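So the sequences go chain by chain: X and Z.
Here my numbering is used: position 136 in the first sequence is 136, and no number is missing along the way.
Here my numbering is used: position 80 in the second sequence is 80, and no number is missing along the way.
Since the hints were derived computationally from the structure, they do not count as laboratory data.
Among the clues, some could well be false.
To be verified - Taking lysine to any residue and the SDA-like style, the derived pairs with C-alpha atoms no more than 25 Å apart in a straight line are:
# : chain 1 : residue 1 : chain 2 : residue 2
1 : X       : K36       : Z       : Y52
2 : Z       : K87       : Z       : L152
3 : X       : K5        : Z       : E142
4 : Z       : K59       : Z       : E35
In this text the structure is predicted, and so the values were computed from the model without any measurement.
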Amino acid sequence: MELLKLLNTSEIVAQIVSFLLLFSLLRIFAWKPLLKLLDERRAKIASGFKTIEEARQEMENLKAEYQSRLDGATAEAQAKIKEAVEEGKKLSEELKKSAYRDAQKIIDNARLDIKFELSKAKDELKDKIVELSISAAEIVIQDRLTEKEDRKIVKDFLDKIDTI
Amino acid sequence: MGEAGVIQPELPDFFAILADKFKGNIFIKWLYPWEHVGYSLIIIFLLSLIAYLAGRKAKMIPGGLQNAVEALVAGVDDFVCGLLGPKGRRYTPFIGTLFVYILFMNLSGIIPFMKPSTSSWSTTLALALCVFIYVQYAAIREMGFLGYLDHLAGKPRGVMAFIFVLPLLMFFLHVLAELIRPISLSLRLRSNIWGDDLLLAVLANFGIKGLPLLLLNMLMGILTAVVQTVVFCLLSTIYFTLALTQEEETHETKSPA
Numbered sequence: 001m002e003l004l005k006l007l008n009t010s011e012i013v014a015q016i017v018s019f020l021l022l023f024s025l026l027r028i029f030a031w032k033p034l035l036k037l038l039d040e041r042r043a044k045i046a047s048g049f050k051t052i053e054e055a056r057q058e059m060e061n062l063k064a065e066y067q068s069r070l071d072g073a074t075a076e077a078q079a080k081i082k083e084a085v086e087e088g089k090k091l092s093e094e095l096k097k098s099a100y101r102d103a104q105k106i107i108d109n110a111r112l113d114i115k116f117e118l119s120k121a122k123d124e125l126k127d128k129i130v131e132l133s134i135s136a137a138e139i140v141i142q143d144r145l146t147e148k149e150d151r152k153i154v155k156d157f158l159d160k161i162d163t164i
Numbered sequence: 001m002g003e004a005g006v007i008q009p010e011l012p013d014f015f016a017i018l019a020d021k022f023k024g025n026i027f028i029k030w031l032y033p034w035e036h037v038g039y040s041l042i043i044i045f046l047l048s049l050i051a052y053l054a055g056r057k058a059k060m061i062p063g064g065l066q067n068a069v070e071a072l073v074a075g076v077d078d079f080v081c082g083l084l085g086p087k088g089r090r091y092t093p094f095i096g097t098l099f100v101y102i103l104f105m106n107l108s109g110i111i112p113f114m115k116p117s118t119s120s121w122s123t124t125l126a127l128a129l130c131v132f133i134y135v136q137y138a139a140i141r142e143m144g145f146l147g148y149l150d151h152l153a154g155k156p157r158g159v160m161a162f163i164f165v166l167p168l169l170m171f172f173l174h175v176l177a178e179l180i181r182p183i184s185l186s187l188r189l190r191s192n193i194w195g196d197d198l199l200l201a202v203l204a205n206f207g208i209k210g211l212p213l214l215l216l217n218m219l220m221g222i223l224t225a226v227v228q229t230v231v232f233c234l235l236s237t238i239y240f241t242l243a244l245t246q247e248e249e250t251h252e253t254k255s256p257a
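Hey, can you work out the whole structure from these sequences and the hints?
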């Protein structure tokens, strides 16, 4: 009971009232706005981190996509080059063949020409020989036969030569 | 407010000096018994001013005072929510106000011409009663009046003869515990601070010779002030926890946090 003398009812009431006053004042001034602000900031930071994470993820996705596309493009290019090389080889092969064929043709033609020229020259030679023989015969015989008979004789002679 | 029958040294404080100077003045005579309330009001004014300045233009990017106050707010919020879970947010302002109020009152004992209001049992009992009433209110709001009575009757029950006896016993025990809490809470705080104040007064009476001891005990006084504040708030929070979460634990068979 000695202890109870320390207590003073009106002081207790006054202290309760002043504490409630302080409580309501701090609630209005500090606790409510600041707690709200802390929550908002926390949410904002969290969303910021989330955004960063999302951006990073997206970047990685893009990178992977580009890498795969790049790989695809390289492979395609290599295939194309290979194809082109093969085509070139084939083309050169064909060219070679056709050139060979052409050359063969030209050679054949030249041979034909030569043959033709040769026979022509032979004919001309024959005529010349006929003429020469006739004139030689004229000189020898002094008597001129008719040209027609001469020619016949020489021709026969030449035919004989030919058949030899 | 002296201790009955014993003359005790006291540090000179503002109200005591006033009372000494104007012995005949009727206003001072009326005012002197209210000295603790007066010191409390000074603290209240100071805290409200700080809160007003800090919260007036609260910005997303804090600076200066707002930073300091926000750190305290966040600290108290973490502390309360750590003990009470997410629903502890509702009680953060109450516990936080208690914390700064008691801390400032305790520390004011170090300041010359100030006297810690918490060295008066009336002050601490007033605070403890606020805690007591709020705890009861919160518990009843959480579980309903009958649910609260059920909560007070305790959980282990239902075995034949103990159906009524044990819960009734537990009920009275719990009610007694609830009633004793504000007394123990307030006396602990008051006695620590009062003892500290008294020790400082005794050492101050030694004059120059007592100076090193006085300085040392002032530092100890700061420690005591902080520790006692933390103890008061921690116990208050635990009372909230006990009143609010016991129901949950038994229902969901959770281990206590």
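Open item on the list: Checking one constraint from the list: CA of X:K5 to CA of Z:E142, max 25 Å. Satisfied?
Closed with: Since the Cα atoms of X:K5 and Z:E142 sit roughly 37 Å apart, the hinted pair is violated (cutoff 25 Å).
Open item on the list: Please verify whether Z:K87 and Z:L152 have alpha carbons no more than 25 Å apart.
Closed with: holds, 21 Å
Open item on the list: Holds or violated: X:K36 and Z:Y52, Cα atoms, limit 25 Å.
Closed with: Within the cut-off at roughly 16 Å; holds.
Task: Restraint check for Z:K59 with Z:E35, where alpha carbons must lie at most 25 Å apart - done: violated, 38 Å
Hints 3 and 4 from the list above are not met by this structure, while the remaining hints are.
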